[in-house]
Amino acid sequence: MRIIIAEDERRACRGLKSLLTSISSEAEVTGEAYDGRQAFEMIRQQRPDVVFTDIRMPYMDGISLIRAVRDHRIPVKFVIISAYEEFEYARQAITLGVVDYLVKPVTREEVYRVWCRLKEDGDSRDEQESENDSLKSLYPDAHPLILRALDIIQSSYATKISQKELSEMLGISAEYFCFLFKRDTKENFSRFLRRYRIEKAKQLLDEGEVPRDEIPYSVGFSDPKYFYKCFKEETGINMTEYTRAKL
Numbered sequence: 019m020r021i022i023i024a025e026d027e028r029r030a031c032r033g034l035k036s037l038l039t040s041i042s043s044e045a046e047v048t049g050e051a052y053d054g055r056q057a058f059e060m061i062r063q064q065r066p067d068v069v070f071t072d073i074r075m076p077y078m079d080g081i082s083l084i085r086a087v088r089d090h091r092i093p094v095k096f097v098i099i100s101a102y103e104e105f106e107y108a109r110q111a112i113t114l115g116v117v118d119y120l121v122k123p124v125t126r127e128e129v130y131r132v133w134c135r136l137k138e139d140g141d142s143r144d145e146q147e148s149e150n151d152s153l154k155s156l157y158p159d160a161h162p163l164i165l166r167a168l169d170i171i172q173s174s175y176a177t178k179i180s181q182k183e184l185s186e187m188l189g190i191s192a193e194y195f196c197f198l199f200k201r202d203t204k205e206n207f208s209r210f211l212r213r214y215r216i217e218k219a220k221q222l223l224d225e226g227e228v229p230r231d232e233i234p235y236s237v238g239f240s241d242p243k244y245f246y247k248c249f250k251e252e253t254g255i256n257m258t259e260y261t262r263a264k265l
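So the sequence shown is numbered by the numbering used here: it starts at 19 and just counts up by one.
No lab work stands behind these hints, which were simulated from the structure alone. Treat the hints with caution; some may be incorrect.
[Unchecked claim] List time: in silico BS3-like cross-link candidates among lysine-lysine, alpha-carbon distance up to 25 Å: (1) K243 - K154; (2) K250 - K178; (3) K182 - K218; (4) K178 - K220; (5) K137 - K35; (6) K220 - K250; (7) K200 - K154; (8) K137 - K182; (9) K137 - K122; (10) K35 - K122; (11) K247 - K204; (12) K178 - K35; (13) K204 - K154; (14) K264 - K200; (15) K182 - K200; (16) K200 - K178; (17) K178 - K154; (18) K178 - K95; (19) K250 - K264; (20) K200 - K137; (21) K95 - K122; (22) K137 - K154; (23) K154 - K122; (24) K264 - K243; (25) K204 - K218; (26) K200 - K247; (27) K220 - K204; (28) K218 - K243; (29) K200 - K218; (30) K182 - K204; (31) K250 - K204; (32) K204 - K178; (33) K243 - K220; (34) K243 - K178.
With the hints as extra help, turn the sequences into a complete structure.
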């Protein structure tokens, strides 16, 4: 489960990270933001499963952060951890659909209880997903290491990911990874990842829930101009033409 912590007190941020990772090896803290604006950019780019956020932060408070994420229709769960036990904050949190509202200092038992709720929700969704939706199901005869790589690509395509990082995660050399990947998928890694990201962009366009100007960042591109170039090269048409063709 990919987690971002938004907390302007670095000591509190480190403490929460330590709590989460001690509770479960499945808790992967992929980002730590020290103000609301930084948190929003991280969420937009990384698309985490869960965000633990403080309420009072520089530039953008926690409630405004949640509203901004909801406005952009980014599917992420929120847990508020705040020093302020005030009814108005709690009321707003409820209306925004947060998973829980914890008051500092939080205990390990409280964080564990929230983790169990998050895990239960995640398991329920996983059970509903068909195995056919898995990227690795398209390559049943691939090497086990490549199957693991495909799982990582499927879950992390919206973040910065490279062939070097993947090979290090798998414990093999970049050269051997390159050989296995090309042999089993019939494409080199960079072309495969680009094509997969464009397919995800097409899905977002079809669903119409993500603003068009947010789509490049939502599928792992940091440069919109390069994304538009790749989109046309992969599909043969630009985004506007693609949208019109679907009408």
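So, going through the hints one by one against the coordinates:
1. K243 - K154: Distance of about 30 Å is beyond 25 Å: violated.
2. K250 - K178: Holds, because 22 Å separates the two Cα atoms, which is no more than 25 Å.
3. K182 - K218: With Cα atoms ~23 Å apart, K182 and K218 stay inside 25 Å; holds.
4. K178 - K220: Since the Cα atoms of K178 and K220 sit roughly 19 Å apart, the hinted pair holds (cutoff 25 Å).
5. K137 - K35: 17 Å, holds
6. K220 - K250: Cα-Cα ~11 Å, so holds.
7. K200 - K154: OK: K200 and K154 at ~14 Å, within 25 Å.
8. K137 - K182: 31 Å, violated
9. K137 - K122: The given pair, whose Cα atoms are some 22 Å apart, holds under the 25 Å limit.
10. K35 - K122: 15 Å, holds
11. K247 - K204: 23 Å, holds
12. K178 - K35: 21 Å, holds
13. K204 - K154: Given that 25 Å is the threshold and the Cα spacing comes to 14 Å, the pair holds.
14. K264 - K200: 33 Å, violated
15. K182 - K200: 15 Å, holds
16. K200 - K178: With a Cα-Cα distance of about 21 Å, the restraint between K200 and K178 holds, given a limit of 25 Å.
17. K178 - K154: 20 Å, holds
18. K178 - K95: 22 Å, holds
19. K250 - K264: 16 Å, holds
20. K200 - K137: 35 Å, violated
21. K95 - K122: Holds. K95 to K122 sits at ~19 Å (cutoff 25 Å).
22. K137 - K154: Distance ~23 Å between K137 and K154 Cα, so the pair holds.
23. K154 - K122: With Cα atoms ~42 Å apart, K154 and K122 exceed 25 Å; violated.
24. K264 - K243: Holds, at about 23 Å.
25. K204 - K218: 20 Å, holds
26. K200 - K247: It holds: about 24 Å lies between the C-alpha atoms, which stays within 25 Å.
27. K220 - K204: Holds, because 22 Å separates the two Cα atoms, which is no more than 25 Å.
28. K218 - K243: 17 Å, holds
29. K200 - K218: Roughly 21 Å separates the two Cα atoms, so the pair holds.
30. K182 - K204: 19 Å, holds
31. K250 - K204: It holds: about 22 Å lies between the C-alpha atoms, which stays within 25 Å.
32. K204 - K178: Roughly 23 Å separates the two Cα atoms, so the pair holds.
33. K243 - K220: 16 Å, holds
34. K243 - K178: The given pair, whose Cα atoms are some 17 Å apart, holds under the 25 Å limit.
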